[in-house]
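My numbering runs 45 ahead of the 1-based position in the sequence shown.
These are computed hints drawn from the structure, not numbers from a lab.
Be aware that one or more of the hints could be misleading.
Distance ranges between label pairs, derived from CB positions [said to hold, decoys possible]:
(1) Lys64 <-> Ala134: 26 to 36 Å
(2) Thr112 <-> Pro148: 25 to 35 Å
(3) Arg150 <-> Thr111: 24 to 34 Å
(4) Ala130 <-> Thr86: 17 to 27 Å
(5) Asp127 <-> Arg107: 28 to 38 Å
(6) Asn164 <-> Arg107: 18 to 28 Å
If you're wondering where the values come from, they're calculated on a predicted model, not measured in any experiment.
Even glycine gets a Cβ: it sits at the ideal position worked out from N, Cα and C.
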Amino acid sequence: ILIAEDHPVSALVMSHALKAAGWQVETVTNADDAIARAMDTPYQAILTDIHMPGGSGETIVRALRTTSGPNQLAPILAVTADISAERQAACELAGFSSLIEKPIRPRALVATLADVLMNDEETGWELGAKRA
């Protein structure tokens with residue numbers, strides 16, 4: 046799992062929760078690093094803050110969805126404090142798979158990610174790569 050989050054506490058909470066649930070986690074702090082890492086390494090999912098240095102979460106989604114890289118079809122989840130209907134619609138339109146609400150609630154994070162991944166498996170999407 047790749048976490049793109051510039052707020053250290055949020056990144057730490059997400060990382061600890063996902064590691065405790067059995068996932069391998071890598072963390073970056075800006076959009077440029079997230080895009081560079083995701084262009085080279087296949088991930089089971091990517092979690093990205095909406096507002097980060099170097100670009101937005103939408104920038105990351107656009108970059109990954111418009112290339113033939115290893116994460117073109119990977120689930121990408123937006124991490125945001127704004128879960129309004131407008132934000133949800135904008136995230137869906139941008140290509141996000143789901144939203145994670147800030148402040149991060151570890152159990153909700155793990156449950157949401159597991160649900161997204163199970164839905165991907167049910168629809169036939171397979172990463173075919175290491176569980177990262």
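Structure-based check of all given hints:
1. The given range of 26 to 36 Å is respected by Lys64 and Ala134, whose C-beta atoms sit roughly 32 Å from each other.
2. Hint check: Thr112 to Pro148, Cβ distance near 32 Å, so the stated range 25 to 35 Å holds.
3. Separation of Arg150 from Thr111 is about 32 Å and conforms to the stated range, judged on CB atoms against 24 to 34 Å.
4. The supplied range of 17 to 27 Å is broken by Ala130 and Thr86, whose beta-carbon atoms lie about 34 Å from each other.
5. In this structure, Asp127 and Arg107 break the distance hint of 28 to 38 Å, their C-beta atoms being roughly 19 Å apart.
6. Distance hint check: the CB atoms of Asn164 and Arg107 are about 22 Å apart, consistent with the given range 18 to 28 Å.
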